[in-house]
Amino acid sequence: MLDFLPTELPWLLCIAFAAGLVDAAVGGGGLIQLPGLFATLPREVPAVLLGTNKFSSMFGTGMATWRYARNVRFPWRPVLYAATTAFAFSFLGATAVSLLPREAVRPLILVLLVAMLAYTLVKKDFGALHRPREIGRRELAMALGMGAAIGFYDGFFGPGTGSFLIFLFIRFFGLDFLRASAASKVVNLATNVAALAFFLPSGKILLAAAIPMAAANVAGAFTGTRLALRGGTPLIRQLFLVLVIVLIARMGWDTLRG
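Quick note: the sequence shown, position 120, residue 123 per my numbering, numbers continuous.
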């Protein structure tokens, strides 16, 4: 297991740092880190690479969550409600992988991403201002439902989870892009911990790579949150749009190929 370290580890550290940086600002770190793992360690079992990815990204997400929590104020109650159901439903999503082929879901996700991009482009003030809504029973119920849907999706499929969370926190809770990105990290952290609850006991983590990658991911997350906090909502909106376009391109290509 240690044979790959002298040559492959430096590449893995660079990949993990870049993934942590992007993910901390606007999500989508998995688009960088997971393909990077598959390309760098092609002989490893996919489940082990998935577990390694979740292990290292969890620490980066934890760093981003901590940094945002210290510097950005957002409504904790609905965020924690969403995180709780996301944690629980990510297990169901992981179970559903064996029951329903992911290819059946890809066209629907592609349509949702295109609709989300169009909505954000048309509404120029979307996420520009922080207009938090009063948190009542309706909003808390919405947070529970949102967390359940996103948690299931992250456990089942994954790509774009951070983007969907940011969009939903803006659309239904009146947050701006900066606060929505901060809130999304709490929910993402919950789904990562839930995934590790499966991967760790089953031994599907390559710790020789995962531990140093976790350190690099944390460094990237620290840098990413610093950039996001300095650039604020305008920077995160631009990164969000770029990420959604990349997601659409990737999933569109996968759909045409598949």
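Be careful, since some hints might not be right.
Straight-line Cα separation of at most 20 angstroms, SDA-like style, residue types lysine to any residue; simulated pairs [to be verified]:
| # | residue 1 | residue 2 |
| --- | --- | --- |
| 1 | Lys126 | Gly235 |
| 2 | Lys127 | Leu203 |
| 3 | Lys127 | Trp256 |
| 4 | Lys126 | Arg174 |
| 5 | Lys127 | Val117 |
In short, the hints are calculated from the structure, not lab data.
Here is how each hint holds up against the structure:
1. Lys126 <-> Gly235: holds, 19 angstroms
2. Lys127 <-> Leu203: violated, 44 angstroms
3. Lys127 <-> Trp256: Since the Cα atoms of Lys127 and Trp256 sit roughly 28 angstroms apart, the hinted pair is violated (cutoff 20 angstroms).
4. Lys126 <-> Arg174: holds, 11 angstroms
5. Lys127 <-> Val117: holds, 16 angstroms
This entry does not satisfy hints 2, 3, going by the numbered hints stated previously.
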